[in-house]
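Letter by letter, the chains look like this.
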Amino acid sequence: MTPDLILFLVLALVAIATALGMLFSRNSVYSALFLVLNFVTVAVFYLLLGAPFIAMSQITVYAGAIMVLFLFVIMLLGAESLPKSEVLPWQKPLAIGLAVILAVESTYLLVTKARPTGDVLAPDAAVNTMENLRELGMKLFSDYLLPFEVTSILLLVAMVGAILLTKKEKGVQK
Amino acid sequence: MFLSEATTSGFSYLAPWLVFFPVIGLLINIILGNRFSERVIGTIASLASGAAFVVSVLLAYTVSINHGEVSFHELAKWIHIGSLKLDWTFRIDSLSTTMMLVVSGVGTLIHIYAIGYMHEDVRFKNDPGRFRRFFVFLNLFIAAMMILVSGDSYLMLFVGWEGVGLCSFLLIGFWYEMDTLARPSWANSNAAKKAFITNRVGDFGFLIAGFIMFWQFGSFQFDEVFGKVHEVPESAVIAITLFMLVGVAGKSAQIPLYVWLPDAMAGPTPVSALIHAATMVTAGVYLVTRSAPLYSAVHNAQEIVALVGAATALFAATIAVGQYDIKKVLAYSTISQLGFMVAAVGMGAYVAGMFHLITHAFFKALLFLSAGSVILGMERGHHHAAHGHHDDHGKGKKGKKKEEHHEEEHHEVFDPGDMRNMGGLRKTMPVTFWLYMIGTLALAGIFPFAGFWSKDEILLDTAKLYPVVYWLLAIAAFFTAFYMGRQVWMVFFGEHRHEAAAHAEESPRVITIPLMVLAGLSVLGGALNLPGVHTLGHWLEHTVELVEHEVHIAEWLEVSWGGLNPYVALISTVAALLAILVSWFIYGRNPLKAGQIDPLKRSLGGLFTLLEDKWRVDEIYQAIIITPFARLSELLADVIDWKFWHDFVHERIIAGTYNWLSNIALDRYADQKGIDAFANWLGTASQWLSANLRKVQNGFVRSYSLSVLLGVVLIVGYLILK
Amino acid sequence: MVPVDYYIILSAILFTIGVLGVLIRRNALIIFMSIELMLNSANLAIVAFSSVIKSFSGQIFVFFVIAVAAAEVAVGLALIVEIFKSKHSIDVDQMSSLKG
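Residue numbers (the numbering used here), protein chains in the order written: chain Y, 160 to 333; chain F, 25 to 746; chain D, 35 to 134.
Hints are all accurate, no fakes.
Per label pair, the in silico range of CB-to-CB distance:
1. Q128/D <-> V309/Y: 33 to 43 Å
2. Q711/F <-> R185/Y: 36 to 46 Å
3. Q128/D <-> L734/F: 18 to 28 Å
4. L734/F <-> F183/Y: 15 to 25 Å
Examples of chain Y residues toward chain D, derived with CB under 10 Å:
5. L168
6. A174
7. V201
8. L208
9. F229
10. I255
11. A258
12. V316
In case anyone wonders, no lab produced these hints; they're calculated from the structure.
The beta carbon of each residue, even a glycine, is placed where N, CA and C say it ideally should be.
Take these sequences, add in the hints, and give me the full structure.
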């Protein structure tokens, strides 16, 4: 039981717990908050895996921007809990069954068939951030320049789309 | 067929004209006859027959200058298939020329007679237009008979045989829609059918004989057959001769197929004279004579033929005693005389048989034609009486009537041929009377008329060869004289029993002159074959031979006064005179009065009734043969053919099965319940399928995403398993 | 030294939870959040693998994923707001007009 293993297990438990909490909580706000916690946990994972930049962008973009946006909308729409009318009675059991099967199948597949052997980075190698960052930046602007630029256009389009969708024909009404 | 020598000396090339002249005559009458008067039609027909007679004379002359040698004349090749060669060849020898002369000679005389007879007959029956038809048929008969006697093979003989059978049918049924008393009836046509059908039974026998002959001998031609008689198994020859006897029994009216001849008297009298006395019925005798080599080879068959002939002679003679119709007496007499002839030729006495054939043709034709004259006279008398005095003569004396005679004002049914209506015609019809007497005496066999010589020769030959037959024939000769005497006393002597007899008139000359010719022949005909001289015998010897069997001849038969045996002649003459005397005792001394019952009936009672009823032979045939046959054919037609085959097999089984198959099996089950149901099920199933598949599209996103998950799970599972 | 399998298992579990969330919950926002969770679990797996093979391609890929996720959330939430304006409900079971 090395320390990173213990750390991993604890963090894994937290991640799973928060995910389940998001799933099962009746209040939408609680669900969102649970998800934020989940994202933060995953960011810690990224750090452990030697991807500090990704960890930071996870926290900044995901937990900071996206979840805030979610909370805005929840606030806008009202965090009401929906009544328990069921029009699809078979949905829940079937979904749970199939999901479990999927989990087992995919685990099995990835672990036995498509598995890269090896361990992840040792913790000390993961800490060396400045080297990683420089290399990441170099790669980003040389090999992956096109996707980088396209992503910027994508963000522009998303922005335009969001504004357009919420804009009324009869004029701008807030 | 292969020796068609036309001899350079002689007229054998004229042979086909025997047939052609009558055919031309009938064609002229058919095509152009509707414009001619009766006289012209009759003259054309008589000339045609007369021309055939002239040709016969020339052909006989040919034979005589060739010293009896036979000549041939091939007219046409008929069937040539492989080795089978059947031709139409004329055979000119002494036997065939004899027959030709008799047929055409007597035939021509009868044609002339028929001009006068039919002139009156069609007027009595109210159909003058039918005159022409009679002469067409008569000429057709002459042509067919010529084919029969002049043929060189059994095949041509059979062609003529069938032809005369047809003409007999046509002429018997000449007044086909009425009976002899001119009332609408089936009687005449039934008589014609009876003749044809009975003849057919005989023809059947002839055909079987022909088949066996062809099978054994390989040919129909006379010389070929006769040459091979001894090479062929005897059983075949016996079979042939006996089957031919069946044919002879049919055509020449022997037992058991004689029953058509009395009914054939339904035809006009010239027909009875020509066909049923002189010519057609003698075809059987000719056949046996022609087949002499065959018969001579089998003695047993000869005995059978002779016995059949003798039995017929006696049997028919007894029936003739009880008949009341003038023509029926003569008909049974004909059957009886044919029995004489058949007995004679059956035993091998061919010359005697042919001699009797010739003389019988003379006096029987004379008798029939005279009877026709009597009938016409009675008809004339009846008409005079009916138109003359209505009141007195409607009632009063009538002869003993049969059922069809009943009293009405003007439509009294009168049978001119019934002897019980006659009587005393000697005074009113003298010429006919004397002619009839000559015929009677000839038939009875009284010296020196023709019948004496011919009958005597038969009796002599049978006495020598076959005594049983002789005694039968002798008794038959006794009866012959008896019934002829009875007839003469009843018809010509005594008082008139009916006013028709009282007013009867003599016939015109066109009728009586041919009769006189025939009477002359009946008187002088004996000269043809006087004993010792044997003119006819020598003539015929070229063709046939009298076969002398080795029999023990009694001494008294050996006596010969120049060929004539006095004992036989004496016995037959005494018997005939005795018979005439007996008949005078019964009928002549106390002549019958009107309404009186026949005296023999009183004495013989039931036996006489049987004789009247012809021994009930027709009734026996009806019961044994005809009725069962009719029932059998009804059974076959109605039950087996209609009910079984049609109703059951066809309708129920075949049609029913088919209908069941198509309607029920195929239509209802296979088609409607099977294929239709399947096709409909397809539609219903796709509706059900689509209705159920539609439920997948419920509009809920979550269920769609569940489907996606399901697909993912399956794909991943597949990847795992791969 | 954590074997990469553990990260894989964790990623699978998080993904399954996200799938469950999409299928079970009727609130459109919760469904959206579950989708983000699924994306996240995939990111985790990629980064884990890239650390094993010591390459930066995985991190760059994750970077782009995050960017795209942000854009998608923006548009999606705008859509949900619009739907709410017409249907006055964010129950996805109410949005079944495409039923066939």
